[in-house]
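**Q** Spelled out from the first residue to the last, the chains are:
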Amino acid sequence: MHRFANPARFLRLASAILPWSSALSALLIAAGLYFALFHSPADYQQGETVRIMYVHVPSAWLAMACYSTMALSSAVALIWKHPLADLVAKAASPIGAAFTFLCLVSGSLWGRPMWGTWWAWDARLTSMLILFFLYLGHMALINAFDDPSRGAKAAAILALAGFVNIPIIKFSVDWWNTLHQPASVSKFGMPSIDPAMLLPLLLMALGFTCFFVTVLLIRVRTEIIASKLRAIRMTQIHAVPVAVPVAE
Amino acid sequence: MSRLFGIIHRDLRLALRQGSDSVMVVTFFVLTVVLFPFGIGPEANILERVSSGVLWVTALLASMLSLDRLFQADYEDGSLELLALTPTPLELLVLGKVAAHWLTTGLPLMVAAPVLAVLLNMNADGFVTLLLTMLLGTPTLSLIGAMGAALVLGARRGGVLLSLLVLPLYIPVLIFGVGAIDAAVQGLPVHAHLLILGGMLLAALALTPWATAAALRQALE
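From first to last, the protein sequence lines are chains S and G. Here full-length UniProt numbering is used: the first residue of the first sequence is 1, the next is one more, and so on. Here full-length UniProt numbering is used: the first residue of the second sequence is 1, the next is one more, and so on.
Just chain S, same shape as in the assembly (with noise of 0.2 Å):
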């Protein structure tokens, strides 16, 4: 793992993948978009809204997944002192936040045809906003020291001890009796959704995975720019003009 602290080695493997992750989202989106607009049946009670699930639940799949990462880098920068870590937790949390936003409006647009409101206050939908908030928390703590390694350090405590929603969002459905239907992929046995509906759904939850990546190693390459920028800027600042003696 700490073959992967260097900055340069991580440099040199990001862009090694990232074209890659790139072309692959681009091409699973839209292959699972194309299944999911027309080549998938409509279902038999939702109708043609079922569409929606498409984007819905890969993206509160990737919110989770997200907030994992961000809890597993925060873990491993707090241990080790692993300075990658810090930047790929930093890194992490608005795109997980911009995930667990579009599940919470596309459940929305879904839910007003079907259940007939735009919201309900049931188990799964509650811990999803909290999700939603402790992502904004942690960007706020992020941010809010003048010293930016104090705030990685506080915000890796603050993504552990809200990783107690994590399990709470998935078993949520279970626990409570809710609005919310119970999950019907990852259960034991075959999964109880139909194959022609299963496969833009992978699709698109692939596809969200390769974004996600892409987006991510972005975002730490930014980073790490940005942290040599300011190193730079800090000796440039200390930096006291020495007066040259002057051959004569």
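Incorrect hints may appear among the rest.
To be verified - If you only want the chain G side, here are some residues facing chain S, beta carbon under 7 Å, derived:
#, residue
1, Leu151
2, Arg156
3, Leu164
4, Leu165
5, Ala211
6, Ala214
Hint data in this document are derived by calculation from the structure and do not stem from the laboratory. Since the structure is predicted, the reported quantities are computational estimates derived from the model, not experimental observations. The C-beta atom is built at its ideal place from N, Cα and C for all residues, glycine as well.
Could you slot chain G onto chain S? The hints should help.
**A** Just chain G, lined up with the frame of chain S:
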């Protein structure tokens, strides 16, 4: 153990001599609750319906009111650094400070709550449960809040940031606290709600001192 009591004793004495922190908190609690009958209207049945929620939400906000002073004063005058240098583990110090915080805010809120419940027309069946939920819930709030207070030490606009960090983590306590009272008023069993509140208190008691101490350590670096 004596060190723990030493810290609690010190903080209580400071609170007593500097005065008015718990009085402020309770006054805020009473005033905010009293606002509701003006805002919602004085119909007895509506007030009775919302009483548990109003009491819990305002108690939660009131207990947050004094949080930013929990470590801030000691951090600024340097005594936090001295306390951290003593052989007492920082986790124990945190527990002592949280206990003192609860004694100066949570306990007064608990005492004031039944009086306000009468003002809000709460059904008498809910009183015991109200006290029990407060007894189990407010220490959890203090424990979680201490973590937030330690995280924002030295931050810009720490007070506003603190509420952003702490309020999402307060929501579970609020849900089960209000749930228990509503169940009691309707004559349903409250056992499960209270057990969950107790479980959250135990989990917070076991886990948050570590996080708070870690946050304090990085603030003192």
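**Q** Of all the hints numbered above, which does this structure not satisfy? Sort the numbers upward.
**A** none
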